[in-house]
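With chain A's structure known, arrange chain B with the ligands on it following the hints.
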Amino acid sequence: MQMKEYKPLIVAFCCNWCSYAGADLAGNNRLNYPADVKIIRVPCSCRVNPMFILRAFQRGADGVILCGCHPGDCHYTSGNYYTRRRMAMLFSMLDYLGIERERTRVEWVSAAEGAKFAATMNDFVAQVTALGENKRLEDLRCKR
Amino acid sequence: MQKITRDQLITKAVELLSNGTVSAVLGWQKGEFDYDITPAVFTTEEEIKNNFVYNDFCGANFSKYLVAKTKKLEGKILVFLKPCDTYSFNQLLTEHRFDREKVYAVAIGCEGMADVVKLKNKVDGIISIDYKDDAMYVDTLYDGTVKVDYADVLAERCINCKSKKCVAYDELMGEDGEVIDSARFDEVARLEAMTPDERFAFWQNELSRCIRCNACRDACPACTCEKCVFDNPNSGVENKAPANSFEEQMFHIIRAYHVAGRCTDCGECSRVCPQNIPLHLLNRKFIKDINECYGEYQAGAEVGSRAPLVDYTEGDLEPGEVFERGDNNA
Ligand code: SF4
Ligand code: SF4
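Taken in sequence, the protein lines are chains A and B. Everything in the first sequence is counted per the numbering used here, starting at 87 for the first residue and increasing by one. Everything in the second sequence is counted per the numbering used here, starting at 259 for the first residue and increasing by one.
Next up, chain A with everything else stripped away, as it sits in the complex (with noise of 0.2 angstroms):
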């Protein structure tokens, strides 16, 4: 018997104004990255509850990137700015935890930068593989 090679689910939150176009560039430029990295668009990248982080892991993603315009380049002037202070409580209390910290990274990906994007990916992708399943939250309930 083969064991099925393991593939890890990513879920993506990137922003409509810069990585989300910065995606669409790395496709224009055929620029690989892994199927598995699922892109969510949100208006921008402060839009991201941390609950809608949890709640990607309780549906069943092993990794989530979050993907925004750098610091000063916000679409609409603050909102990453918020979004870091943010994210940098709820990596630490999930770290707190006892949940890995692999699993959750924040990137700024401008529109122009495809070959980042889709660097990054690739990394990310890479580094949660190498953590295998998310055991510590996933939702029971929520198993296929």
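It is worth saying that the hints were derived from the structure and are not from the lab. Any given hint might turn out to be false.
Below 20 angstroms or equal to it, Euclidean Cα-Cα: the simulated SDA-like pairs (lysine to any residue) are [claimed, not checked]:
| hint | chain 1 | residue 1 | chain 2 | residue 2 |
| --- | --- | --- | --- | --- |
| 1 | A | K221 | B | F458 |
| 2 | B | K380 | B | F291 |
| 3 | A | K221 | B | D455 |
| 4 | B | K546 | A | R187 |
| 5 | B | K498 | A | M137 |
| 6 | A | K229 | A | T215 |
| 7 | A | K221 | B | E464 |
| 8 | A | K221 | B | E456 |
| 9 | A | K221 | B | N463 |
| 10 | A | K202 | B | E576 |
| 11 | A | K221 | B | L465 |
| 12 | B | K546 | A | Y168 |
Leaving out everything else, chain B with the ligands in the frame of chain A:
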């Protein structure tokens, strides 16, 4: 033992009620037992004289009650606040949760409150409690009268009291104290020094006892939303789900998160938890992180201060850098 006595508080309440300053009094009345004290609203002198109590088990933080109690009230309500309650009082004012004009606040000096659980662990079959100067004398069913030192049953939040200074009041009874440089973050630091596996085990052990009674949320003076995310039947976390670690963690992370930067560390969540879960350790983790990353901040120390999570500076640390502060174990 409290330096301010029941009689002093009754005299004050009756005085303010009879001269028309206030039309209602928020105070304590005896519950089924001597140690389970219930918050109550008194409107007549007679009620106060008969039912008002004040002792070492009057730990409830009344500031949150003001949100509901001032809504339809004619005139003012008298509220008694311990030093730690005055911080919550300020925080609620900062968030415009009640009308300051409708409240007459009397701050009372505090000697530290007792923890029912600690007392019950020491003595069985409590009939009644006599508060003497040197110790509590507990009349019990099985062992006669047992002497219990106040220090032995002092609540955790009072051992690590952050401030005996009253930061908001119309009138002060007793002595005002000072802000204390307490050891309240020591336990958080101890957890931070563990490995992730140990921390996970620690929290599983604590949080799996949760019965999702929501008492921690209901008692919290920072949780004053009229509609709460946890009441949403579509959230998947509105009820206790058996054999599932996610629901517990989700609830506790988000409960603590929603008050991050606004929590005054009054300790009500841990006090009311029927399962003795040290919820203050989650709140204090946020307070400690905020202090370390964004500068010292005490919610409620003044009215109108800007909470750290609705603020920013251009040079804030990146989310990935929170782990590079040197205190955490990889
Ligand atoms: S925390 Fe401090 S002010 Fe509050 S009840 Fe305890 S000793 Fe009193
Ligand atoms: S008070 Fe305790 S048992 Fe009740 S919901 Fe909160 S943590 Fe759970």
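Right, here's what the structure says about each hint:
For the suggested pair A:K221 and B:F458, the alpha carbons sit about 11 angstroms apart, so the restraint of at most 20 angstroms is met. For a cut-off of 20 angstroms, the pair hint linking B:K380 to B:F291 stands: about 16 angstroms separates their Cα positions. For a cut-off of 20 angstroms, the pair hint linking A:K221 to B:D455 stands: about 12 angstroms separates their Cα positions. The straight-line distance between the Cα atoms of B:K546 and A:R187 is roughly 19 angstroms, inside the 20 angstroms bound, and the hint therefore holds.
For the given pair, B:K498 sits about 18 angstroms from A:M137 by alpha-carbon distance, which is consistent with the 20 angstroms threshold. Distance restraint check for A:K229 and A:T215: the Cα-Cα separation of roughly 19 angstroms lies within the 20 angstroms cut-off, and the hinted pair is therefore satisfied. Straight-line distance between C-alpha atoms of A:K221 and B:E464 comes to about 18 angstroms, which keeps the hinted pair within the 20 angstroms bound. For a cut-off of 20 angstroms, the pair hint linking A:K221 to B:E456 stands: about 15 angstroms separates their Cα positions.
Between A:K221 and B:N463 the alpha-carbon distance is near 16 angstroms, which keeps this suggested pair within the 20 angstroms criterion. Simply put, A:K202 and B:E576 have alpha-carbon atoms about 18 angstroms apart, close enough for the 20 angstroms limit, and the pair holds. Annotation: proposed proximity of A:K221 to B:L465 holds, straight-line Cα distance about 16 angstroms (limit 20 angstroms). Taking the CA atoms of B:K546 and A:Y168, the gap is near 19 angstroms; set against the 20 angstroms cutoff, the hint holds.
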